[in-house]
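Protein chains: 2
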Amino acid sequence: MLTNVTDIEILKNNLTFWDQISSEEQKMFIDNANIEKYEKDKIVYSTSEDCKGLTIVKTGNLRAYMLSESGKEITLYRLFENDSCIMTANCLLKNITFDMIIEAEKDSEIILIPFSVYGKLSSSNIYIQDFTNQLVSSRFSDVMWVMEQVVFMSFDKRLAIFLLEQSAIEGSDIINMTHENIAKNLGSAREVVSRMLKYFQSSDIVYVSRGNIEIKNRKKLMELAS
Amino acid sequence: MLTNVTDIEILKNNLTFWDQISSEEQKMFIDNANIEKYEKDKIVYSTSEDCKGLTIVKTGNLRAYMLSESGKEITLYRLFENDSCIMTANCLLKNITFDMIIEAEKDSEIILIPFSVYGKLSSSNIYIQDFTNQLVSSRFSDVMWVMEQVVFMSFDKRLAIFLLEQSAIEGSDIINMTHENIAKNLGSAREVVSRMLKYFQSSDIVYVSRGNIEIKNRKKLMELAS
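Which chain is which? The protein sequence lines are A and B, in order. Take 1 as the starting number for the first sequence in this note's numbering and just add one per residue. Take 1 as the starting number for the second sequence in this note's numbering and just add one per residue.
Incorrect hints may have been included.
The list treats identical chains as interchangeable, and a pair is accepted whether it falls inside one copy or across any two copies.
Claimed, not checked - As a list, the in silico SDA-like pairs of lysine to any residue whose alpha-carbon atoms are at most 20 Å apart: (1) LYS42 / ASP99; (2) LYS106 / ASN176; (3) LYS94 / PHE17; (4) LYS94 / LEU135; (5) LYS72 / VAL150; (6) LYS220 / ASN125; (7) LYS94 / ILE126.
What the hints contain is simulated information worked out from the structure, not anything from laboratory work. This one's a predicted model, so the numbers in the text were calculated from it and none came from an experiment.
I would like the entire structure built from these sequences, with the hints used as guidance.
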């Protein structure tokens, strides 16, 4: 149950159908929603598990990725404060047949509306169903963007975009990530990332040290990314 | 308007919510649906155009693909007889922000329910909205499958799967496609396809001639694909 006024506000603002549901339905959402805390790197959800429910990010940020049998990863999308995600209630979406994992990229708090409640209200209310539909379409679009990058974009461009994104997330010119980790995010191999970073360094765009990448020439990096 | 009994049957069988809508709504679907014919290679729809409506494939088959600025393609999914597609009514899906093109891969006939009718009925009927939702999830899953292939799978495996699929579609061991065209389907380059086909040929898996690829050892090809 949500008791904190701020949490209830976040809930209301995220559930865009709030004014179109009855006060009983509103009460059900507030009474059954919970705050969950996840430390950095903890798994929030795997679609192969039981259905969790609708997730709203209160603080921190989450990363959704696909994992291959051999342990290769690719990042599908990220969720920041006030983002909602329906993939944590994937059993609601009858034809979703793929698996993905959602993990906390920083210490994060989420508001969770359990599937037992969200699923029930969604099946009887067209506004909630429309909201579900919009969330699925959003994630679909996110994934198509990644696909476009992977299929059509050169790797230097993808890496430049990734470094700029990561620097924005960390709010710093210094990115604390191993090459291995960057490779996982981009569905690539460590060697490929290291080679490209070396090339970026030789052009004075970044400075690579142990476990760190520092952006030295943001302008050039943005040119590469655009 | 659909007048042919077979066409009305196809409509009823595809719209899984048929028994849950009123007879007035059923009549609206039948009265407003139309048959459209497309010759092989004709564009059926581009999401950057105006909203068309719900598509049901009556005969033939359609291919949905993404196109890069430089003209590179990747196949996202295919639609066969009795498949429905909601991406031809993408304006209904508020958060779909990507573009794709759907073309006829063979001479094809579709049943089209215009957006003016489908959108209207969908916005007031929860069963139709649920159907929409399921169709979006299906396409999302299709695309995730392609993504998994592109990111995680070796190219020999992807090409083997493609040749087997194409042979099933054409109902023949001989695949009438240029290397250029195969590359487009797989978001790859012609040189890469030619090199891999040459390798397949050296292992007596296929025989490559001008504009043709003949499957010589289906068992080996299936081993590569699995």
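**Request:** Please work out whether the CA atoms of LYS94 and PHE17 approach to 20 Å or closer within one copy, between two copies, in both situations, or in neither?
**Result:** For LYS94 and PHE17, the Cα distance is within 20 Å only across copies (15 Å; inside one copy 22 Å).
**Message:** As a check of your reading, is LYS106 near ASN176 (CA-CA no more than 20 Å) within one copy, between copies, both or neither?
**Reply:** Within one copy only: 13 Å inside a chain, 52 Å across chains, cut-off 20 Å.
**Asked** When no copy is named, should LYS42 and ASP99 be tagged within, between, both, or neither for a Cα gap of at most 20 Å?
**Response** within (17 Å within a copy, 35 Å between copies)
**Message:** One pair to classify: LYS94 and ILE126, alpha carbons no more than 20 Å apart. Within, between, both, or neither?
**Reply:** For LYS94 and ILE126, the Cα distance is within 20 Å both inside one copy (17 Å) and across copies (15 Å).
**Asked** Between the shortest in-copy and the shortest cross-copy C-alpha distance, which are at most 20 Å for LYS220 and ASN125: within, between, both, or neither?
**Response** neither (50 Å within a copy, 52 Å between copies)
**Prompt:** Is it within, between, both, or neither for LYS72 and VAL150, if the alpha carbons may be no more than 20 Å apart?
**Reply:** For LYS72 and VAL150, both the intra-copy (14 Å) and inter-copy (12 Å) Cα distances are at most 20 Å.
**Request:** Pop the pair LYS94 and LEU135 into one bin, within, between, both or neither, using alpha-carbon distances up to 20 Å.
**Result:** For LYS94 and LEU135, both the intra-copy (15 Å) and inter-copy (9 Å) Cα distances are at most 20 Å.
Violated hint: 6 only; the structure is consistent with all others.
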